[in-house]
Amino acid sequence: MVSELINANPIVYEKKERRARSMPTAVEEYAVEAIDQQEVFDILSLQLFWITFTPTVEHCSMATIIGLCLRVKLSRSLPSRYKVDIRVAPGSHASESAVNKQLNDKERVAAALENPNLVDMVDECLAPSYN
Amino acid sequence: MEFYEGACELKLLQTLEGHTDRVWSLAWNPATGTAETPLVFASCSGDKTVRIWEQNPSPSSSSSSHSSWNCKAVLEDTHTRTVRSCSWSPSGKLLAVASFDATTSIWENVGGDFECVSTLEGHENEVKSVSWNASGTLLATCGRDKSVWIWEAQAGNEFECVSVLQGHSQDVKLVLWHPTLDVLFSCSYDNTVKVWADDDDDWQCVQTLGEPNNGHSSTVWALSFNKTGDKMVTCSDDLTLKIWEMDSTSMQSADGYAPWRHLCTITGYHDRTIFSVHWSSEGIIASGAADDAIRFFVEDKDGLVDGPSYKLLLKEEKAHGMDINSVQWSPGEKRLLASASDDGAVKIWELASLCTGQHVLPSIKMFYLSIYHGHLKSHQSVITFFLGQSSGNGY
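As given, the protein sequences belong to chains A and B, one line each in that order.
With the first letter of the first sequence counted as 1, position 66 gets the number 66 in my numbering; the numbers rise by one all the way through.
With the first letter of the second sequence counted as 1, position 228 gets the number 1228 in my numbering; the numbers rise by one all the way through.
Keep in mind that the hints are not guaranteed to be accurate.
[Said to hold, decoys possible] Under 8 Å between C-beta atoms, here's a sample of chain B residues computed to sit facing chain A:
{"no.": "1", "residue": "1100"}
{"no.": "2", "residue": "1122"}
{"no.": "3", "residue": "1126"}
{"no.": "4", "residue": "1146"}
{"no.": "5", "residue": "1178"}
{"no.": "6", "residue": "1219"}
{"no.": "7", "residue": "1225"}
{"no.": "8", "residue": "1227"}
{"no.": "9", "residue": "1231"}
Please keep in mind that the hints were generated in silico from the structure rather than gathered at the bench.
Beta carbons are placed, not taken as given, at the ideal position from N, Cα and C, and that holds for glycine.
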């Protein structure tokens, strides 16, 4: 890991608020749970996840490792049938097309994830997300 | 042989389980599939093993759908990382296996048992593909170190490196020898296909098929030749297949190397990266892609007005539960296809001609998917998911 911060004062984006789900309040055997249309749509439509992330500086040397972390986190959390495309936001990185190409080449990702040092780094980055 | 749209159906004969990680690649033993020798193929996987599968010579083999496949051997404890690719020698006696552990191993079939008889070292890191030439005297390997190596097979299962070819600017995904000539083809993450030939024991790049000459605009993952070797098909991350033709009328060099030229592009059919393509001896092109579908294309004989074109014969949606990494036609008489996937399974299919009736595609599902894709493309910038809110499980 780098010893000094590349960008000491990054722009921190707000997390989108989680949509409230309708839950039955009464716990009774024959309680009817209303169909949550939004939830049904979510489940049906998400064949593909299109992830866009914005590096804090356009020469961010960690862009590929951040992308790799996103990919690993999603592959561990989602059913295997889902497809995931990961890209940096358009115009946000000096090597945008090279970063995007590498992040979406599954052979290179597979090879990277057989590298113990890289896996350690990814696990370290992801550790807070499992708390 | 003529094919008509809807006049074929794809029958799943068997799903072979055994690998515990994604299956990357398949190779049929070219010396099998005769009256005496049942069909054999090898599959290799992220689980670091190769599995050898053999068709049961069942008594009721007149009906192919009843013949079954067994795993005859598991080649393990040799490679320490993913086994990416494998290739049989033309005689079917040797199997070359390329691994991310930077080595290529050579296995010999000794009375049904497979023994590792040689290990080829030299690549700096991941070896991604291996291929034997038509006579079995030369072996090619390629990998992430951007190089292509040519090895000469010598007596006693010794292999000597005769050339290290530099030329690609990025990792090399696949190498394949021409079916009859000692001309080597390599395709790469640098979006090009390079053609390598031997001029007085000096191997060099004789042609680069890139974007300027109608080539691909993203990673080229695989290529395959037609039966006679005068045409080639390439597949890419740019979602197209491209057909190339050997231009034997304009000999470029004194040694008679015939350059290749772009013939046509099969575009608009694939939704995600095409990882594998294989041209059958009958002229049917099969493709396997990251959209989990297998597609079949044939030359469209009616469309010669604007030059040669190819049409979709059949599309099998959801052929696997995940990306399809390899599709390979079997040798022999039956029109069998093996497919390998990230879902860890290998499937054996038969492409059967139909006398009557039509293959009915799951039209509702296709309709739904097309709406979905349309929706997605028009809202790419809007559909931005962040970790922690994209799914209800695990957070």
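Which numbered hints fail: Result: hints 2, 4, 5, 7, 8 and 9 break, sorted rising.
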